[in-house]
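> Sequences are here, hints too, so could you generate the full structure?
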Amino acid sequence: MTLLTERVRPRLGWQQHANCRTSDEYFFFAPDGEPPSIRRRREVVAKRICANCPVLAECRTHAILRGEPHGVWGGLSEHERLQHLKH
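Anchor point for the sequence shown: position 39 equals 39 in the UniProt record's numbering, and the numbering is continuous, going up by one each time.
Incorrect hints may appear among the rest.
Unchecked claim - Pair by pair, the computed Cβ-Cβ distance ranges are:
1) 36 <-> 15: 25 to 31 Å
2) 86 <-> 16: 21 to 27 Å
3) 61 <-> 22: 19 to 25 Å
4) 86 <-> 39: 17 to 23 Å
5) 44 <-> 84: 29 to 35 Å
6) 36 <-> 16: 31 to 37 Å
7) 34 <-> 66: 20 to 26 Å
8) 37 <-> 16: 31 to 37 Å
9) 69 <-> 38: 16 to 22 Å
Unchecked claim - Below, in silico cross-link-like pairs of lysine to aspartate or glutamate (EDC-like), each with a Cα-Cα straight-line distance of 16 Å or less:
10) 47 <-> 24
11) 47 <-> 32
12) 86 <-> 32
13) 47 <-> 78
Honestly, the hints are just simulated from the structure, not real lab data.
Yeah, the Cβ is synthetic: ideal placement off N, Cα and C, and Gly gets one too.
The structure is reproduced here in structure tokens:
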């Protein structure tokens, strides 16, 4: 049974060390219809959480390679990740 459990359960790897695991996901993902001023303030909080995260680089790379369309990942918003890809 252990083998089946290990195959079904995704490996968390770097994610289990992320600062955001103990933070409210509200800070990382915009609710529908969020006003731009609120979004900026929310993203500042998310980026502060990311700033000293031990797995910031892994998270950022994951988001860019997977094309994560939403949220703050690795200290970058979706708009910032798109800008990164253009360069």
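> Next, verify each hint and record whether it holds.
Each hint tested on the structure:
Hint check: residue 36 to residue 15, Cβ distance near 29 Å, so the stated range 25 to 31 Å holds. The hinted range of 21 to 27 Å is not satisfied by residue 86 and residue 16, whose Cβ atoms lie roughly 32 Å apart. As the Cβ distance of residue 61 to residue 22 is approximately 22 Å, the hint placing it in 19 to 25 Å holds. Under the hint 17 to 23 Å, the C-beta atoms of residue 86 and residue 39, about 21 Å apart, fit the expected range.
Distance hint for residue 44 and residue 84: a CB-CB separation of about 19 Å, inconsistent with the stated range 29 to 35 Å. A C-beta distance of roughly 33 Å is found between residue 36 and residue 16, which places it inside the suggested range of 31 to 37 Å. Between residue 34 and residue 66 the Cβ separation comes to about 23 Å, which falls inside the hinted range of 20 to 26 Å. In this structure the supplied range 31 to 37 Å holds for residue 37 paired with residue 16, their Cβ-Cβ distance being about 34 Å.
Take residue 69 and residue 38: their Cβ atoms lie about 20 Å apart, and the range 16 to 22 Å holds. Annotation: proposed proximity of residue 47 to residue 24 holds, straight-line Cα distance about 13 Å (limit 16 Å). For a cut-off of 16 Å, the pair hint linking residue 47 to residue 32 is broken: about 20 Å separates their Cα positions. Taken as a hint, the residue 86 and residue 32 pair is broken in the structure, with Cα atoms around 26 Å apart against an allowance of 16 Å.
The hinted pair formed by residue 47 and residue 78 meets the criterion: a straight-line CA distance of about 12 Å does not exceed 16 Å.
This entry does not satisfy hints 2, 5, 11, 12, going by the numbered hints stated previously.
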